[in-house]
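2 protein chains.
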Amino acid sequence: MSNELRLGIAGLGTVGAGVVKIVEKNSDILAKKCGRGIEIAAVSARSRSKKRGIEISGYAWEDDPVALARRKDIDVFIELIGGENGSAKASVEAALDTGKHVVTANKAMLAVHGQYLAELAEQRRLALRFEAAVAGGIPVVKVLSESMAANRVKRVLGVMNGTCNYILTRMESSGLSYEEVFAEANGLGYLEADPSLDVGGIDSGHKLALLASIAFGTRVDFESMDIEGIDRVSITDIEQARDMGFRIKLLGVAKLTGKGLEQRTQPCLVPADSPLGRLENATNMIVIEGDASGQIFLQGAGAGEGPTSSSVLSDVVELARGQRATTFGQPAASLVDAKPVCSDLSAPFYLRMTLKDEPGVLALIASVLGDAGISIDRMRQYKHEGEAAPVIMVTHRTSPAEIAKAISRIKTSGAVLEDPVSIRIEEI
Amino acid sequence: MSNELRLGIAGLGTVGAGVVKIVEKNSDILAKKCGRGIEIAAVSARSRSKKRGIEISGYAWEDDPVALARRKDIDVFIELIGGENGSAKASVEAALDTGKHVVTANKAMLAVHGQYLAELAEQRRLALRFEAAVAGGIPVVKVLSESMAANRVKRVLGVMNGTCNYILTRMESSGLSYEEVFAEANGLGYLEADPSLDVGGIDSGHKLALLASIAFGTRVDFESMDIEGIDRVSITDIEQARDMGFRIKLLGVAKLTGKGLEQRTQPCLVPADSPLGRLENATNMIVIEGDASGQIFLQGAGAGEGPTSSSVLSDVVELARGQRATTFGQPAASLVDAKPVCSDLSAPFYLRMTLKDEPGVLALIASVLGDAGISIDRMRQYKHEGEAAPVIMVTHRTSPAEIAKAISRIKTSGAVLEDPVSIRIEEI
Numbered sequence: 001m002s003n004e005l006r007l008g009i010a011g012l013g014t015v016g017a018g019v020v021k022i023v024e025k026n027s028d029i030l031a032k033k034c035g036r037g038i039e040i041a042a043v044s045a046r047s048r049s050k051k052r053g054i055e056i057s058g059y060a061w062e063d064d065p066v067a068l069a070r071r072k073d074i075d076v077f078i079e080l081i082g083g084e085n086g087s088a089k090a091s092v093e094a095a096l097d098t099g100k101h102v103v104t105a106n107k108a109m110l111a112v113h114g115q116y117l118a119e120l121a122e123q124r125r126l127a128l129r130f131e132a133a134v135a136g137g138i139p140v141v142k143v144l145s146e147s148m149a150a151n152r153v154k155r156v157l158g159v160m161n162g163t164c165n166y167i168l169t170r171m172e173s174s175g176l177s178y179e180e181v182f183a184e185a186n187g188l189g190y191l192e193a194d195p196s197l198d199v200g201g202i203d204s205g206h207k208l209a210l211l212a213s214i215a216f217g218t219r220v221d222f223e224s225m226d227i228e229g230i231d232r233v234s235i236t237d238i239e240q241a242r243d244m245g246f247r248i249k250l251l252g253v254a255k256l257t258g259k260g261l262e263q264r265t266q267p268c269l270v271p272a273d274s275p276l277g278r279l280e281n282a283t284n285m286i287v288i289e290g291d292a293s294g295q296i297f298l299q300g301a302g303a304g305e306g307p308t309s310s311s312v313l314s315d316v317v318e319l320a321r322g323q324r325a326t327t328f329g330q331p332a333a334s335l336v337d338a339k340p341v342c343s344d345l346s347a348p349f350y351l352r353m354t355l356k357d358e359p360g361v362l363a364l365i366a367s368v369l370g371d372a373g374i375s376i377d378r379m380r381q382y383k384h385e386g387e388a389a390p391v392i393m394v395t396h397r398t399s400p401a402e403i404a405k406a407i408s409r410i411k412t413s414g415a416v417l418e419d420p421v422s423i424r425i426e427e428i
Numbered sequence: 001m002s003n004e005l006r007l008g009i010a011g012l013g014t015v016g017a018g019v020v021k022i023v024e025k026n027s028d029i030l031a032k033k034c035g036r037g038i039e040i041a042a043v044s045a046r047s048r049s050k051k052r053g054i055e056i057s058g059y060a061w062e063d064d065p066v067a068l069a070r071r072k073d074i075d076v077f078i079e080l081i082g083g084e085n086g087s088a089k090a091s092v093e094a095a096l097d098t099g100k101h102v103v104t105a106n107k108a109m110l111a112v113h114g115q116y117l118a119e120l121a122e123q124r125r126l127a128l129r130f131e132a133a134v135a136g137g138i139p140v141v142k143v144l145s146e147s148m149a150a151n152r153v154k155r156v157l158g159v160m161n162g163t164c165n166y167i168l169t170r171m172e173s174s175g176l177s178y179e180e181v182f183a184e185a186n187g188l189g190y191l192e193a194d195p196s197l198d199v200g201g202i203d204s205g206h207k208l209a210l211l212a213s214i215a216f217g218t219r220v221d222f223e224s225m226d227i228e229g230i231d232r233v234s235i236t237d238i239e240q241a242r243d244m245g246f247r248i249k250l251l252g253v254a255k256l257t258g259k260g261l262e263q264r265t266q267p268c269l270v271p272a273d274s275p276l277g278r279l280e281n282a283t284n285m286i287v288i289e290g291d292a293s294g295q296i297f298l299q300g301a302g303a304g305e306g307p308t309s310s311s312v313l314s315d316v317v318e319l320a321r322g323q324r325a326t327t328f329g330q331p332a333a334s335l336v337d338a339k340p341v342c343s344d345l346s347a348p349f350y351l352r353m354t355l356k357d358e359p360g361v362l363a364l365i366a367s368v369l370g371d372a373g374i375s376i377d378r379m380r381q382y383k384h385e386g387e388a389a390p391v392i393m394v395t396h397r398t399s400p401a402e403i404a405k406a407i408s409r410i411k412t413s414g415a416v417l418e419d420p421v422s423i424r425i426e427e428i
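Listed in order, the protein sequences are those of chains A and R. Taking my numbering, the leading residue of the first sequence gets 1, the next gets one more, and so forth. Taking my numbering, the leading residue of the second sequence gets 1, the next gets one more, and so forth.
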């Protein structure tokens, strides 16, 4: 065919190599589905000679991704370099500047520069697409920006980081501590060079910020997000939560209320028998709640060569078919600023306290909670461990502020041997 | 705005009324997401005066949907009449004939006339879209035709009929027979006027035929599908399957192999703790297996006003944005005929037999199975009921033909008091 869509791929790590493999292996399918061929014109990576399981000698080579982005013989620039700034951003700018559509898997760059880059693309009538940046092989960007477009989205939430879900489920199945599972995962090569992006909740936060923009028509606002990672989740809480019928998941949750936009990434309890609660290992799940659609659950591999490459290529297919979607589901210039608000939406909470084994202590705790207007749904007191009496409570819905106030009083009450732990129970 | 997209809606039942409500209620969102307004120009239904919870006096009225389809003041014709032929088909033809895009929720019409109608639309450079026809609010048509387009799809399967899943889960939770739950559901108004479309597996078959076409690039071939409904599923099998760790679901399964296209709708066992096994009530779930993406699970409401209307409007949004997707993921004229094949793919099977309580009977059964090359993975013999000894077996993988042969020998062996029951275990 003479009208092949020509790709320039910058970055030949796991995903880049996967894209090359699919374009080669499924070229017949791509041609049928697109009505034209998809061809790799040129590639760029840090090392030309690294073993990747693909043969790249047939493609033009550029040492510099910016030079690749500026080549005249490509129609679409695929940015798989990563990182907020540096050559990723520079090459995307160069591609847009010289009239190429851009497909990227770079959540960090878009979480910080998404508004600017989307406006740049749309001013030039080019597409900047990022299905692979969120939840690997799960087509959540398309579903949210296209399938849900007639809905007033009420909430978007989910497990968006496979590494964290792997660590949490492995802790539960093995009974090992966070530190032990972290070391084990590191030894198996499961962690990124900078694991704090994953376990610190930042990667989830980047993804959630992008989804929130599409869901609510607001500008990406990663800066205002409340982010907490999984590094403080203890095996004790995982086990006690399980005993009460819950599992701990690192959730990203975005919700637009009358007060503003709530965006948070934090460990939460979810019912063990709910779809989110049943999610094992590195699988991701996104739940979208629309006023018309109700809850839609999307589940799949959150990372990995095949799934992420499949998502990159879904964006390429869109471009090959001549579709020119906006980056965030509506023109970037029409996105509005939302007022960021901390979560003051009431929720049930899980409370774990280590009470002193003395008469009157439970009465004291109960009265502190009662004074804060917090009522208890369920409570279990476990066998004493020396002088300590472990107590787990599940409260009725209450505000995070009241919980914080009560916990601070309990800390200074002299009734507990350790600081109490509170974890939000996300209702789903 | 002067460039509003003008809709003509034929059929104001649950879904039609739902579409009107969303267009009115979410007009601000639709305008933002589409970059132009969506406006209802004219409607048609069997009764103009029926109470529907919507006010239609502001829209032009047509008694005849064909006349509605031919109106010059509409851009998109929305067909929500239903039925394979009759005014549904006539009005869709009229709309295409007079240059309107068509959005339909009519799986029966497309399962039979999809190829013809898609070619008609594409010859005229018009779109014929049907997200709402399959699995209600679940965006499976879009995901399969767009997000999965770079994948060689290996299998599409799922629970695509909410009524059947409701009946099966209700049987399990209540212990009632199929007939009792059917009567109960009928009394509650859950069944269609012709319930055999649902419980006979035909509705699932229609949907599966459409998905198979997109997944494999083949012409819709509803005629060749193997269809079995749920009317022969007994409460005994539901309970015994559960006891062995399975649940019975009415699955639609499509798979393209070297031999041809296998399409079947039938009750199958799935592991109780799998995503399909956990599906309750009227919820639907589709699983798509791509060579790159791996398994993608999509779950949501399979029917109902809001979810189905949301899907209708997702197609409308696509058209408002100027996207002109093909009906089945590639030009209809490029779809190929697949050779239909019966399922000869091996699978584990569930076998339930009511053995005579006599010495040597189990040995006889075991030797029949052994002679057929069928090996047993697990077996349970239950407490005798009078002269009958109920036995449940789960076999290792074997071919459906071998199972059929063995069962026919067991029937005539004199070892059983009732015909044995075999149900395929779908591996997932």
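The reader is advised that the hints may include incorrect statements.
Identical copies carry no separate label here, and so any pair may be met within one copy or between two of them.
Straight line, CA to CA, 16 Å or less: simulated EDC-like cross-link-like pairs of lysine to aspartate or glutamate [stated by the list, open to error]:
| no. | residue 1 | residue 2 |
| --- | --- | --- |
| 1 | LYS383 | GLU358 |
| 2 | LYS356 | ASP273 |
| 3 | LYS383 | ASP337 |
| 4 | LYS259 | ASP73 |
| 5 | LYS339 | GLU289 |
| 6 | LYS50 | GLU387 |
| 7 | LYS32 | ASP337 |
None of these hints come from the bench; they were simulated from the model. On a predicted model such as this, the values are computed, not experimentally measured, just so you know.
Practice prompt. Evaluate LYS383 and GLU358 at a C-alpha cut-off of 16 Å and name the case that applies: within, between, both or neither.
Written response: within (14 Å within a copy, 54 Å between copies)
Item to complete: Please work out whether the CA atoms of LYS356 and ASP273 approach to 16 Å or closer within one copy, between two copies, in both situations, or in neither?
Response: Neither, since 33 Å and 41 Å both go past 16 Å.
Worksheet item: When no copy is named, should LYS50 and GLU387 be tagged within, between, both, or neither for a Cα gap of at most 16 Å?
Response: neither (59 Å within a copy, 72 Å between copies)
Item to complete: Using 16 Å as the alpha carbon limit, work out where LYS32 and ASP337 are close: within a copy, between copies, both or neither.
Response: between (42 Å within a copy, 15 Å between copies)
Worksheet item: How would you label the pair LYS383, ASP337 (within, between, both, or neither) given a Cα cut-off of 16 Å?
Response: neither (52 Å within a copy, 68 Å between copies)
Discussion item. When Cα atoms must be at most 16 Å apart, do LYS339 and GLU289 count as within-copy, between-copy, both, or neither?
Written reply: neither (21 Å within a copy, 41 Å between copies)
Worksheet item: Are the CA atoms of LYS259 and ASP73 at most 16 Å apart within a copy, between copies, both, or neither?
Response: neither (49 Å within a copy, 41 Å between copies)
Comparing the model with each numbered hint stated earlier shows that hints 2, 3, 4, 5, 6 do not hold.
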